[in-house]
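Protein chains in written order, with our numbering: chain F, 12 to 273; chain D, 1033 to 1352; chain S, 106 to 559.
Since the hints were derived computationally from the structure, they do not count as laboratory data.
Ideal placement from N, C-alpha and C gives every residue a C-beta, glycine not left out.
Please note that a few of the clues may not be correct.
Said to hold, decoys possible - In silico negatives: residues of chain S with every beta carbon more than 12 Å from chain F: (1) GLN159; (2) ALA169; (3) SER188; (4) LYS194; (5) SER200; (6) GLY222; (7) VAL235; (8) GLN372; (9) SER408; (10) ALA410; (11) ALA415; (12) ASN479.
Said to hold, decoys possible - Cross-link-like lysine to any residue pairs, in silico, SDA-like; alpha carbons within 20 Å at most: (13) S:LYS178 <-> S:SER188; (14) D:LYS1257 <-> F:ALA77; (15) S:LYS301 <-> D:LYS1257.
Said to hold, decoys possible - Cβ-Cβ distance ranges computed for the label pairs, FRET-style: (16) F:THR219 <-> D:ALA1066: 31 to 37 Å; (17) D:GLN1114 <-> S:ALA233: 42 to 48 Å; (18) D:ASN1186 <-> S:THR283: 36 to 42 Å; (19) D:ALA1200 <-> S:GLN290: 32 to 38 Å; (20) S:SER547 <-> D:ASN1186: 56 to 62 Å.
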Amino acid sequence: MFAIRSTRSRVILQIVLTIIVVPFLLPLIAMVSGSLAGEGWGNYTTVLSVPELPLFFRNSAIIAAATIAIVYAVTMAGAFGFSKLHVRAKELYFWMLLATLTLPEAVLLAPLFATATALNIYNTYWAVILPMAALQVPFAVLLARNFMNGIPDELLAAARIDGAGSVKIFWYIMLPLTKPIGAAIVVFTLIGAWNDYLLPLVFLVDPTTQTITQLPQFFVGEFNQDQTKVLASAVITAIPEIVAYLCLQRSFERGLTAGALR
Amino acid sequence: MTIASAPARRRAGKRGGLDRPAATGHRRSGFRPAGYAWILPALVLSVGLIYYSIGYTGYISTLSWNGTSPDPTQVGLHNFTQLFSDHVFWLAAQHTIISFVATFVIQTVLGVVLAVMLHSRPWAGVLYKIVLFVPVVLAPAITAPVFRQIFAANGPLNALLQHVGLGAIAVPWLAQPGTSLMAIIAISIWQWTGMTFILYYAAMGQIDPEVLEAAELDGAGNVRKLVSIVWPSLRGTTIALLTLSAIGSLKTFDIPWLVTVGGPDYSTEFFGTMIYRQSIILSQVGYGAAISVMVILLALVMGVAINVRPWRSRAAAGAS
Amino acid sequence: MVRSLCIRNALRLATVVAAGTLTATALAACGSSTPAQVGSATSGNITWWGWTPQTNVGQQYIAAFNKQYPNIKVTYKQVATASYDAAIKPALASSVGPDVFDMAPGGGIGSVQLYSGSAVDLAPVVKAKVGPNWKSDIAPIGLKGLTVNGKVDALSVGSTYAGSIWINPGLFSKAGVTPPKTLDQWISDCKTFASKGITCFEQGAGDNGFNQDMLHAIADSIHPGLWSEAVAGKAKWTNPDLVKAMTVFKSMFSDGIFQKGALGVQQYPDVNNDFLAGKTAMVMMGTWYMQYSTADGAAAAVSAAGVSGAKPFPMVAIPFPSITSANNPAPLFGDADYGVAVNVKSKQQKAAETFVTWLGTNAKAQQVVADSLNDISSLKSVAPDWSSIKVVDQSTQEAALKTLIASTSNVSEARLGDVGTALGQAIGDALQAVGTGQQTPSAAMAQLQSSSGQ
């Protein structure tokens, strides 16, 4: 973005960047060293040898994948509608959508429970996937709509002149151009779904459907808490999210509007 | 597009900033097909699923109930009058405002600065991005005890402060009202700056590099480019983050609850912790619901205030 | 034209809200309550939710249970202590909740007062299974806390008692100090420890539960029994002896007993880990700490506290130091650690009752409980099988443990059982206000008296 011509400027940039980032790094170092205390790498082997671990992993992956798919599809469509298309009273609908963000999760448990049992999805993955998606969508729509506002209307106009309908415009123009924010939404939805503790706890009773957030539970009792293994399980749980971010982060970098107009 | 429908569109556009041709200074070309079907899935999913919860919460805020007994008592607006005379409620309000302003300002500054720097291709940029990203991913339940160690009276933070000669401020951070809130704010910033960074980074990716090159050819330095080209184009993202930050501050629960349990002596109490304490711990579910209703109303007020048209039309102008 | 558009728009708005809300509400109304199915007493699949015991210990109990009742399959789900109430509330309110669930005395986690309505009265059940004199073999303290208005809501699985101090004898001999028997000796001991760079005592003062234990023990030492009277409303919290107890609590922050920054520290895991890692010489913990007396338990715990090459040390409990010169031995106080209850909406009620009765009254079950040294058995007749328990240092610990357990058999004072949620919160608030210096002890006790509404 900025032309860094001289080596001196490059060095200054690196130093300033490092100084800012170090305070973020130090607590992470404390956590990793905490996870290696006591038995050292033995903590990791103990956590990895919990027999239910692959099962938890699989269940979390299923829930996360479904949530991401639903959120991405619904959000992109919704943001397209709010940003580029004509909807009467769209602000009102938009605010209705945002209002759903305001309730803390603990307060939602009781009514969601009633809804889940009424819809007969209790003790199924849907009881977790649907509320999770519902809670992520407003946030994602806010971000995606904002991003789409930045895509010039001329592009769409040009496409319409060429005879494209809304669906084609959405598929061939909006989706590719919103890759950066789409990637961000995928990452944040993954985090939200992967880390959620309360919803799987309450709505999934069957031990074969437990998620990876239940992993620390094996090391926490009423009167004792094995901090070392809890930290090790936190590190292990975080790895897939970091990997996903790394894979997607290249998508954050494109600025494509210029090329598209030509 | 016919001329006859233009006035109708302009009237309808009063409700939507971008619909107005006047806002962007040039005539819109192309028609705008109906988008109702596109937004319907989002509305049905979120509104449908969650609004029952909102309605339910609104209803039980008029009850005095413990959440399980079969016959709750109807008390009308009594919970709300009790709320306004509850000093803990006002403390929570105070802490929410302070936390919101502090975290938003600092996170925005850090997010923008970091995004700009990391867009300039420094060495080992990926490592920095990972370090910023990991805090967003870690569960507060697990990071809380670690932060209690870090902020402990004889913990590493104070050791560091004493080492660099700032021993005077090496206080027991979490044991005193005042500094406890500062510590909670610091932990929140640690956790969420990564998200701000990612969003600004993505938004900056939308900036046309040719515009920056042209500015350079005209003799603009880096700072000039930042202030006149980059920052204005981030306005939309900033408004979005402001809205989310406002709502997030109202809901703040994890960090103050898990690190200090809203204490000591309610010095880190937030609306989120108060709701949890009342609903789950004290089983005053009706009172907790009343606080939730207040939170929803405050969120809507703040959201509308942030997103009123003067801001948005400027954002629209900046974005195009 | 605009008006008709507005109407159309209003209709669309209504559709969206109606679609979601009315459907859900209607469906909820349609969900009729099925008649209670009770199932068989010797076979069935039941679920058990609890914040304790730990999953592997729970499996041990279930395995022992299955030796006697092989056809009842029990699935235990351990729910984190912090999330138990948030999770169990909606579960119990629904028709698909657990068949067996944990309850505890008092107003804290799994409060018996709160969930009493969801529990089956176990008195007639146990009477039918065990005999009319079933209560005579059960330690009364375990029964008292889990009985509400004559209804036995849960059967105690074991009891815990607080009011003792656990010490690290190694650190004491390193500093050349003897365990304190009085408050003055406690203060001077701490000065000696400080001069040697050893932390004397740690309190998780951010944790109201353990602050309450501390205040309770101080009050019991000054004026035995007064605390329980105040809790019951028979004495005022502004009683001079209780104000004195609060003043002593406050002074512990300044006279070197509590560590610096105690208000920002939680008992679990912070203080617990520090003690197990050998960083502090004393902590105030209860009989549940006995589990760390065993060689295996101690080694695992020390390693869990983050010490590599963990070497367990023989920890010992001492009585609470006397606060006044009257040398009142502060008694222990305690109640059931937790009990198991049967959900009134359970579809396998009889099988659930079999399991609950077994866990609470069967000698074999209680032997497993007693041997883990976590809880003290709810049956009077059951004691730990010392021949099978290997402690770290037989010479110092076994006798001390036996004394500790023996001293619990005459305990009549409840720890949490008589303190309701609101009172517990008010006591905690008073302790925090005094600890931070926002209120003086007498002002705090006056406020406590007025908010206790008695």
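Here is how each hint holds up against the structure:
1. Look at GLN159 of chain S: its CB is around 4 Å from the nearest CB on chain F, not clear of 12 Å, so calling it non-interface is violated.
2. The beta carbon of ALA169 of chain S sits about 19 Å from the closest Cβ of chain F, which is more than 12 Å, so the claim that it is off the interface holds.
3. In this structure SER188 of chain S is not separated from chain F by more than 12 Å, as the shortest Cβ-Cβ distance comes to only about 6 Å.
4. Not every CB of chain F lies more than 12 Å from the CB of LYS194 of chain S, the least distance being 7 Å, so the non-interface label is violated.
5. With a least CB separation of 7 Å from chain F, SER200 of chain S falls inside the 12 Å interface cut-off, contrary to its annotation.
6. Distance check on GLY222 of chain S: its Cβ is at least 16 Å (rounded) from any Cβ of chain F, clearing the 12 Å threshold; non-interface status holds.
7. Remark: the non-interface label on VAL235 of chain S is consistent with the geometry, its nearest Cβ contact in chain F lying 27 Å away (cut-off 12 Å).
8. Here GLN372 of chain S does not stay apart from chain F, with its beta-carbon only about 10 Å from theirs, under the 12 Å limit.
9. Non-interface status of SER408 of chain S relative to chain F is broken: a Cβ of that chain comes within 12 Å, the nearest being about 4 Å off.
10. A beta-carbon of chain F comes within 12 Å of the beta-carbon of ALA410 of chain S; the shortest separation is about 7 Å.
11. For ALA415 of chain S, the non-interface assignment is contradicted: its Cβ lies about 6 Å from the closest Cβ of chain F, within the 12 Å cut-off.
12. At roughly 7 Å from the closest C-beta of chain F, the C-beta of ASN479 of chain S falls inside 12 Å, breaking its exclusion from the interface.
13. Restraint check: the Cα-Cα separation between LYS178 of chain S and SER188 of chain S comes to about 25 Å, which exceeds 20 Å; the hinted pair is violated.
14. For the suggested pair LYS1257 of chain D and ALA77 of chain F, the alpha carbons sit about 42 Å apart, so the restraint of at most 20 Å is broken.
15. At most 20 Å may separate the alpha-carbon atoms for a hinted pair to count; LYS301 of chain S and LYS1257 of chain D exceed this at roughly 60 Å.
16. For the pair THR219 of chain F and ALA1066 of chain D, the beta carbons lie near 46 Å from each other, so the given range of 31 to 37 Å is not met.
17. The beta-carbon spacing between GLN1114 of chain D and ALA233 of chain S, approximately 46 Å, falls within the hinted interval of 42 to 48 Å.
18. Separation of ASN1186 of chain D from THR283 of chain S is about 26 Å and departs from the stated range, judged on CB atoms against 36 to 42 Å.
19. ALA1200 of chain D and GLN290 of chain S have their C-beta atoms about 35 Å apart, which keeps the hinted 32 to 38 Å range intact.
20. The hinted range of 56 to 62 Å is not satisfied by SER547 of chain S and ASN1186 of chain D, whose Cβ atoms lie roughly 32 Å apart.
Going down the numbered hints, you'll see the structure goes against 1, 3, 4, 5, 8, 9, 10, 11, 12, 13, 14, 15, 16, 18 and 20, while the others check out.
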